[in-house]
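*Asks:* Listed below, chain by chain, are the residues.
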Amino acid sequence: GDSVTQMEGPVTLSEEAFLTINCTYTATGYPSLFWYVQYPGEGLQLLLKATKADDKGSNKGFEATYRKETTSFHLEKGSVQVSDSAVYFCALIAGGSQGNLIFGKGTKLSVKP
Amino acid sequence: DSGVTQTPKHLITATGQRVTLRCSPRSGDLSVYWYQQSLDQGLQFLIQYYNGEERAKGNILERFSAQQFPDLHSELNLSSLELGDSALYFCASSVVAGSGNTIYFGEGSWLTVV
Numbered sequence: 001g002d003s004v005t006q007m008e009g010p011v012t013l014s015e016e017a018f019l020t021i022n023c024t025y026t027a028t029g030y031p032s033l034f035w036y037v038q039y040p041g042e043g044l045q046l047l048l049k050a051t052k053a054d055d056k057g058s059n060k061g062f063e064a065t066y067r068k069e070t071t072s073f074h075l076e077k078g079s080v081q082v083s084d085s086a087v088y089f090c091a092l093i094a095g096g097s098q099g100n101l102i103f104g105k106g107t108k109l110s111v112k113p
Numbered sequence: 001d002s003g004v005t006q007t008p009k010h011l012i013t014a015t016g017q018r019v020t021l022r023c024s025p026r027s028g029d030l031s032v033y034w035y036q037q038s039l040d041q042g043l044q045f046l047i048q049y050y051n052g053e054e055r056a057k058g059n060i061l062e063r064f065s066a067q068q069f070p071d072l073h074s075e076l077n078l079s080s081l082e083l084g085d086s087a088l089y090f091c092a093s094s095v096v097a098g099s100g101n102t103i104y105f106g107e108g109s110w111l112t113v114v
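Those protein sequence lines, which keep their order, are chains A and B.
FYI, in our numbering the residues of the first sequence are 1 to 113.
FYI, in our numbering the residues of the second sequence are 1 to 114.
If you are wondering where the hints come from, they were derived from the structure by calculation, not from laboratory data.
Among the hints, a few may not be true.
[As the list claims (entries may be wrong)] Taking lysine-lysine pairs in the DSSO-like style, the calculated list, with each CA pair at most 27 angstroms apart, reads:
#, chain 1, residue 1, chain 2, residue 2
1, A, Lys108, B, Lys9
2, B, Lys9, A, Lys68
3, A, Lys105, A, Lys77
4, A, Lys52, B, Lys57
5, A, Lys60, A, Lys112
6, A, Lys105, A, Lys68
7, A, Lys52, A, Lys68
8, A, Lys60, A, Lys105
9, A, Lys77, A, Lys52
10, B, Lys57, A, Lys105
11, A, Lys108, A, Lys77
12, A, Lys108, A, Lys60
Hey, can you work out the whole structure from these sequences and the hints?
*Replies:* Here is the structure:
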């Protein structure tokens, strides 16, 4: 079945470090891909999305490129801040589905000053 | 603020009891989803409604049920509660159903079963 695999956390970085969180997927058809973020004590917020191969989603300095050949959607940020500390979820909506999201297990990021 | 409203934000109840979680989708959204987030299971899709009709079912227990009303708000009913049902329950909504969607989440309802 359709699934998302994320790198295990937690990830601890110093402020201004480069961030990569790996995400790969298995899906039938052509899925749409998403990154959601959950700040401590809060709900899920959409961070960015990409709906077709080679699309790049970007928001708040974060970027991810939809790579069909490697079935990946890795999240990157050039310089993280303490305020980026959160749990990041990679997710997909399978092509031809009713539209429900399938999530990875989440990666906790802690950024130290 | 995503525009998806969930009530209550926190709920503590005893085993064996029944609770109802309520969700108002974003204005104009026809599709409503329910998810459960727990430490051991992660984020699990429970059920989806579109314009009042059930569209997809995930890992929803038989003790749980949901519905979407004509005004498009939705309720998730959890009965015969067990300790393991303690979790954060999210409602989400989107304009339509289908793979081209963007889905927006509410802030969740924290359920603690004691």
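*Asks:* Indicate, hint by hint, whether the structure satisfies it.
*Replies:* Status of the hints after comparison with the structure:
1. A:Lys108 x B:Lys9: 23 angstroms, holds
2. B:Lys9 x A:Lys68: Violated, at roughly 39 angstroms.
3. A:Lys105 x A:Lys77: 20 angstroms, holds
4. A:Lys52 x B:Lys57: With Cα atoms ~26 angstroms apart, A:Lys52 and B:Lys57 stay inside 27 angstroms; holds.
5. A:Lys60 x A:Lys112: 19 angstroms, holds
6. A:Lys105 x A:Lys68: 21 angstroms, holds
7. A:Lys52 x A:Lys68: Roughly 8 angstroms separates the two Cα atoms, so the pair holds.
8. A:Lys60 x A:Lys105: Since the Cα atoms of A:Lys60 and A:Lys105 sit roughly 22 angstroms apart, the hinted pair holds (cutoff 27 angstroms).
9. A:Lys77 x A:Lys52: Since the Cα atoms of A:Lys77 and A:Lys52 sit roughly 21 angstroms apart, the hinted pair holds (cutoff 27 angstroms).
10. B:Lys57 x A:Lys105: The given pair, whose Cα atoms are some 20 angstroms apart, holds under the 27 angstroms limit.
11. A:Lys108 x A:Lys77: 15 angstroms, holds
12. A:Lys108 x A:Lys60: Between A:Lys108 and A:Lys60 the Cα gap is close to 18 angstroms, so the pair holds against 27 angstroms.
Violation of the numbered hints given earlier is confined to hint 2; every other hint is satisfied by the structure.
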